[in-house]
Amino acid sequence: GESVGLHLPTLSVQEGDNSIINCAYSNSASDYFIWYKQESGKGPQFIIDIRSNMDKRQGQRVTVLLNKTVKHLSLQIAATQPGDSAVYFCAESHNNAGNMLTFGGGTRLMVKP
Amino acid sequence: DTAVSQTPKYLVTQMGNDKSIKCEQNLGHDTMYWYKQDSKKFLKIMFSYNNKELIINETVPNRFSPKSPDKAHLNLHINSLELGDSAVYFCASSQELRENTEAFFGQGTRLTVV
Chain E
1 GESVGLHLPT LSVQEGDNSI INCAYSNSAS DYFIWYKQES GKGPQFIIDI
51 RSNMDKRQGQ RVTVLLNKTV KHLSLQIAAT QPGDSAVYFC AESHNNAGNM
101 LTFGGGTRLM VKP
Chain L
1 DTAVSQTPKY LVTQMGNDKS IKCEQNLGHD TMYWYKQDSK KFLKIMFSYN
51 NKELIINETV PNRFSPKSPD KAHLNLHINS LELGDSAVYF CASSQELREN
101 TEAFFGQGTR LTVV
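Chains E and L, in that order, give the protein sequences. Read in my numbering, the first sequence has 30 at position 30, and its numbers run on one by one without any break. Read in my numbering, the second sequence has 11 at position 11, and its numbers run on one by one without any break.
Hints in this document: simulated from the structure, not taken from any laboratory. Quantities reported herein were computed from a predicted structural model and do not represent experimental measurements. One thing to keep in mind: the hints can contain errors.
[Unchecked claim] Chain E regions said to be covered by chain L (calculated; three or more residues, Cβ under 8 Å):
#: 1; region: 23 to 34
#: 2; region: 42 to 50
#: 3; region: 100 to 110
Just so you know, even glycine gets a beta-carbon here, dropped at the ideal spot from N, CA and C.
All chains, full assembly: derive it from the sequences and hints.
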């Protein structure tokens, strides 16, 4: 079936460096994408979203890039901090799926002090 | 103020038992969901309810029965629990069904079947 997946299961970065987490999706009907952060023992927490009519969106220290041609999504975190250590998920949905989110497998980000 | 709250946070039970997980959201959202997260952290939708009406029922054994007494609550009842049901179950809610919007997640219920 169609799915959303990640290239790297674990990413280790030095505090202060920039982090890039990648995600590939296969459903060409996907028109809405979200990045979630999940800390240990907690539920997924919304970071940033992007709709298919955009290719870039910026938040505070985070940027999401969408390349619909190659069905690729990335999350960039600037000046990574220890508090950014978590598992990051990309998720997608499309209007005819009733806003149901399909999640990728997750990437664990580890920030070294 | 907790937006999406689930109880209990931890649940340990024996095979064959019946158990329920409760979920409540105070965000005024119309749509609620149950997701299952396995030991490899993979998150998968189980059910979606909109205004107390079942919208999505993914391939889930019929031992799992969601119940929505009102649009702020979506409880999950599981009959005849099996070892493979051990997972973390997340309740979530979103404002719209037709418009793509973010879903807000609860803290999860870690179910361990022994």
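Hint by hint, here is what the structure shows:
1. 23 to 34: Result for this restraint: holds, n = 3.
2. 42 to 50: holds (count 6)
3. 100 to 110: holds (count 6)
In summary, the structure agrees with every hint in the numbered list given earlier.
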